[in-house]
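Asker: Chains as they are written, first to last, in my numbering: chain A, 698 to 910; chain B, 168 to 638.
Incorrect hints may have been included.
Stated by the list, open to error - Cut-off 25 Å, straight-line C-alpha distance, at most; resulting in silico cross-link-like pairs (SDA-like, lysine to any residue):
#1 Lys212/B / Gln903/A
#2 Lys874/A / Asp187/B
#3 Lys332/B / Lys834/A
#4 Lys500/B / Lys731/A
#5 Lys239/B / Ser729/A
#6 Lys731/A / Glu254/B
#7 Lys834/A / Leu851/A
#8 Lys332/B / Asp712/A
#9 Lys333/B / Pro759/A
#10 Lys175/B / Gln903/A
To be verified - Calculated from the model, a selection of chain B residues having no Cβ within reach of chain A, i.e. all distances over 12 Å:
#11 Gly287
#12 Met384
#13 Ser420
For the record, the hints were derived by calculation from the structure and aren't laboratory data. Beta carbons: idealized from backbone N, C-alpha and C, even for Gly.
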Amino acid sequence: MEKFTVLTGLVAPMDRANVDTDAIIPKQFLKSIKRTGYGPNLFDAWRYRDHGEPGMDNSVRPLNEEFVLNQPRYKGAQILIARKNFGCGSSREHAPWALQDFGFRCVIAPSFGDIFYINSFKNGFLPVLLAESEVDKLFYEAASFPGFKLVVDLDAQSVATTTGSLSFRFEIEGFQKYCLFNGLDEIGLTLRHSEKIRAFEAIRTQQFPWFFR
Amino acid sequence: MAQTLYDKLWDSHVVHVEEDGTALLYIDRHLVHEVTSPQAYDGLKLAGRKPWRISSVVATADHNTPTTGWDKGIEGIADPIARLQLETLDANMREYGAKVYFPFRDKRMGIVHVIGPEQGATLPGMTVVCGDSHTSTHGAFGCLAHGIGTSEVEHVLATQCLVQKKMKNMRVTVEGVLPGGVTGKDIVLAVIGRIGTAGGTGSAIEFAGSAIRALSMEGRMTVCNMAIEAGARAGMVAVDETTIEYLKGRPFSPSGPEWDQAVVYWRTLKSDPGAKFDREVTLNASEIIPQVTWGTSPEMVVPVDGAVPDPEKEKDPTRREGMERALVYMGLKPKTLIQDILLDKVFIGSCTNSRIEDLRAAAAVAKGKQVASNIKVAMVVPGSGLVKAQAEKEGLDKVFRDAGFEWREPGCSMCLAMNADRLDPGERCASTSNRNFEGRQGDGGRTHLVSPAMAAAAAIAGHFVDVRQWR
């Protein structure tokens, strides 16, 4: 997994609440058996004016010019700011895969769908929780200043403007932070506890044999 | 100290705890399907790892499978990418194995959340995971069950554990008696209407109260299924006689002396008196009216005797914009009476409402009647091959066919429209599924979530009707 330390990136605003994972990556693209290649179909139904299917040449499809990510000022954005309950709905990990494949490394919102939040960490992609009023300020800044960038510092748990005019602290679980900061393979970490898992399993098998038939 | 059901399930599965409280949680049952597993098996292979315990894996094909043309086999699936995904699951099952695998066209194949309970592969006291958010369904059995992402699927395959932080305890109590024609689906939609789609975020919800206890296992599964639509990864119901009765004699349920031992343990799976919940919500069952969603989020829901709300009355600007956007997408005007909304299609199926009780309820409404002429397609998709067989044994297929419904093969079908079953742009559907998101049932499709009886009545009338007054 890619490490996440400090990211200075252009900010794009997604100004709607309850953006679900069906919207982030529509179901027709879930038929792929790979983890990559979802970026061109991120927000497909909002981004293009036609119906997208896997295998299409996305470079020739008609764009919805009004959609925020199609606006030239947000080209190359690495940080997405969003409203409450971002990533609700389906458990598809294709959602953080698509955001990341598109170029995002971080999404900032007042709340997230629980499964999306967890999935993000497994892919070197940082979901940042800030208060609603703080996210409001970021939306205002992003709308007012073309080229608006933020500095996201995982170790310091801070989101700040490049000038330091705004700075917010965010909370994150210690273990999630440790894994993401060091880009660790979580399976490898868990397997260090193999003996403990085996011992637990042995007791459980005796106690509840019918779970193990 | 008095514990909640969730506390008990959590404590009995903790293998290891990190300094910050993050735990390794042991997983008893791992349900696998074709869409969220290929990358996980691929990851396992790349790292040279083997599955920890294949006897925990129950697998089936459901998301992508067609609901017609089964006689042509896998070759009959026109979409080559869908076919590849099914073939990949077949190959992974051949290579790694499972406790049991019901491939495409097996007579026991079906929606993963229907077949687990049906087979007795979901048992009280288990942790149950699956790469699908509606895994919360299995919590109806007094399990800790929730959806996981593909990286976690790989993690569970490799380690039999999940890295977890304990969630908050939330209880939704529904007391009283449900009026006739009001179902588990209406309860859960009313709950979501009350607390919102983020109301349960970060929590495990226990559904309790006399109205929940009075539900069948099918009804409880419907309620727990949509806990995720209230933001909670896990929903659950305490074990009682209804749970135990349902499990008796199922293929993977324990038997003989083990059954007796199991039952003694299962009876402990309930919240202790005085257990503390971080949040409590209470509903009066007698006040619940059949529910219909009008917008593009399950929280956009009103009673069938109501009307489409007016965004102008909403003070919160983000919410107001959300409502306005939903009205445009849904092609609806504020204040339109719900019963004046005309429909194009009807879908009865999905992991929310495709079990035998759901089909019986829909058939009771449709019996001897005809689907309205404005309905282009009304389809019934049983949750599993066994549900389909049972329904056919009871003659329900004939009731549906005679009324003008299509009787299909089992699978997820038009709940998420990954196969050929979908809405065309602008089409409006009464659906017994769980999500009314934009494009969920097909690009530009407009979904209204309802109970099976409400969907059947809407198919006959051509518009929404109050099933409490159905004759």
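Asker: Next step is simple, just say for each hint if it's right about the structure.
Answerer: Against the structure, the hints come out as follows:
no.	hint	result
1	Lys212/B / Gln903/A	violated, 31 Å
2	Lys874/A / Asp187/B	holds, 11 Å
3	Lys332/B / Lys834/A	violated, 30 Å
4	Lys500/B / Lys731/A	violated, 42 Å
5	Lys239/B / Ser729/A	holds, 23 Å
6	Lys731/A / Glu254/B	holds, 14 Å
7	Lys834/A / Leu851/A	holds, 20 Å
8	Lys332/B / Asp712/A	violated, 30 Å
9	Lys333/B / Pro759/A	violated, 46 Å
10	Lys175/B / Gln903/A	holds, 19 Å
11	Gly287	violated, 10 Å
12	Met384	holds, 19 Å
13	Ser420	violated, 8 Å
Violation of the numbered hints given earlier is confined to hints 1, 3, 4, 8, 9, 11, 13; the remaining hints are satisfied by the structure.
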